[in-house]
Amino acid sequence: MKKNISVSIRIPADPAYIPIASFAAYECAVKRGFTQIDAERISLALEEAVNNAIEFSYGASRDKLEINIFRTAQGLGTKLQSLGIPLEQERLPQYKPERMDEFDDTSGLSFFLMKKLMDRVSISIKNGDERELLMTKYLPGIKMENCAQNNEEAKSEKGRPKLKRINTTHILRLATPNDAEAISRLVLRAHGEVMFCEHIYYPDRVKEMLESGEMVSGVAEAECGELIGHCALVADTPGTKVEEFTYGVMDGRFRSRGVTELAGVVINEASKRGIYAIYSMAVTNHVHSQRILLAEGFKECSLFLAASPASHCWNNSNDNIPARIGNLVFLKELKTDKSEKLYIPARHEMMVRRIYEHLGSNITQAETPKSAQITTQHSQIYTKADLKEGWTSIIVLEYGIDFFPHIKHQFHNACAHGIPSIQIMLPLNNPATPAISEKFENMDFFFAGIGLSDDGNENIVLQYLNNAEPDFEKVHIHSDFARELKDYVQKQFEL
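For what it's worth, the working numbering labels the leading residue of the sequence shown as 1273, then goes sequentially.
If you're looking for bench data, these hints aren't it; they were derived computationally from the structure. These numbers come from a predicted model, not from an experiment.
Under the rule of at most 20 Å between Cα atoms (straight-line distance), these lysine to aspartate or glutamate pairs were calculated in the EDC-like manner: (1) Lys1660 with Asp1508; (2) Lys1604 with Glu1533; (3) Lys1387 with Glu1370; (4) Lys1613 with Asp1727; (5) Lys1758 with Glu1621; (6) Lys1368 with Glu1453; (7) Lys1398 with Glu1338; (8) Lys1660 with Glu1404; (9) Lys1763 with Asp1752; (10) Lys1656 with Glu1486; (11) Lys1544 with Glu1568; (12) Lys1351 with Glu1404; (13) Lys1604 with Asp1508; (14) Lys1387 with Glu1327; (15) Lys1604 with Asp1727.
Distance windows between CB atoms, simulated: (16) Phe1676 with Arg1282: 44 to 50 Å; (17) Thr1344 with His1684: 42 to 48 Å; (18) Asp1743 with Pro1449: 37 to 43 Å; (19) Glu1766 with Arg1545: 40 to 46 Å; (20) Gln1346 with Phe1295: 21 to 27 Å; (21) Gln1308 with Arg1445: 52 to 58 Å; (22) Gln1366 with Asn1340: 25 to 31 Å; (23) Arg1282 with Glu1741: 24 to 30 Å; (24) Gly1511 with His1684: 29 to 35 Å; (25) Asp1743 with Lys1303: 45 to 51 Å.
Even glycine gets a Cβ: it sits at the ideal position worked out from N, Cα and C.
Whenever a hint applies, use it, and build me the whole structure from the sequences.
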């Protein structure tokens, strides 16, 4: 390769195209002056890099990989750009050969191989979920020591056979901080089916959450000591009356009866702690998680469109994976006493009553005054947001004279950051809510359902899509009531 020459390749995120990138890397390495053995190392490293990019991609047929192979002052560099799950590689559980032998655990193997074969490797996350992987190989006179040994180790690790599924017995228990790394490993192995909030993938963060009580986890532990199931309740704020049921995963390498009973471990613990209610999100690109929640006594209460990033799903064809995924919100109330009167917007009265009926809750509707005055006090509003996942939720506790300026600021801030899914929760115990709900719907917000704030208060939930398509045809739901809710949400969107 001449000093001013680099090679650029653009291929689909499909394993069938890996040999193209691998061959190009080998030829460029030879022209740069590397030996045949080192050229093979560079070629193999890029092969692993492309595999890694595809593994962490969203699986859409339109995804492309941008590969650049270029001369450096001391050798050869490669840059691979792709769109994918925005996880920080160095914070994930790292590859451990002993776990490969005992548990067939290949977590982190691709990154391990790249570091063995190349002299410098780094992965960074850019805006818009763009992943950039940089690798450098030095010429023989300046390369790192033990590179040959690294190459042999990498080859031996790559060639290990996989184990078959294992029949086992297990125990169900609450997790301790010492389980943090095992939990992250388990979730990382399952990320092809669902993308969770990034915290659960990082052992250090999981340990903090378990120690502080921010998360209460239940785990299924196999007789060999491996964790084969996990689920958790997460509190957004200390002392909250409402928690989220999430991070539910099973290890497909093991077979063991009764693992699905794990949810009861954390639900029973929630009852002991006096939790008011538990909610959970089920993706709508498939119905598996919806079935599980229904079996645990959860009931549908809202439908959020385009609320989650696209998720790589190994069992579905690429054409069935939307750009963004909707979430069906489920609720399980542990305390059903609802003595408070609610001010339900007349436009949605029938559907709101249907939802409460579905939940098994008896509500009393108050008569909405013709003119509901907003208090002269300051508003009480808090906002939840996840820029990486692409959603913002604005929860109103109390209206005040600064209400609309405050909401306007939060709304425009979310839009400016490119947040696709914006929700607002309005208190149903406030007589001003029907009129305020109508104002938001005139701003292109539309009905999502009902929900609870952290203190357990009832809310009507409206949603807004910011440059995102609702993709109703790809919203897959399981129950008859969910179908009724979906049809109503679609009708309100189309009005």
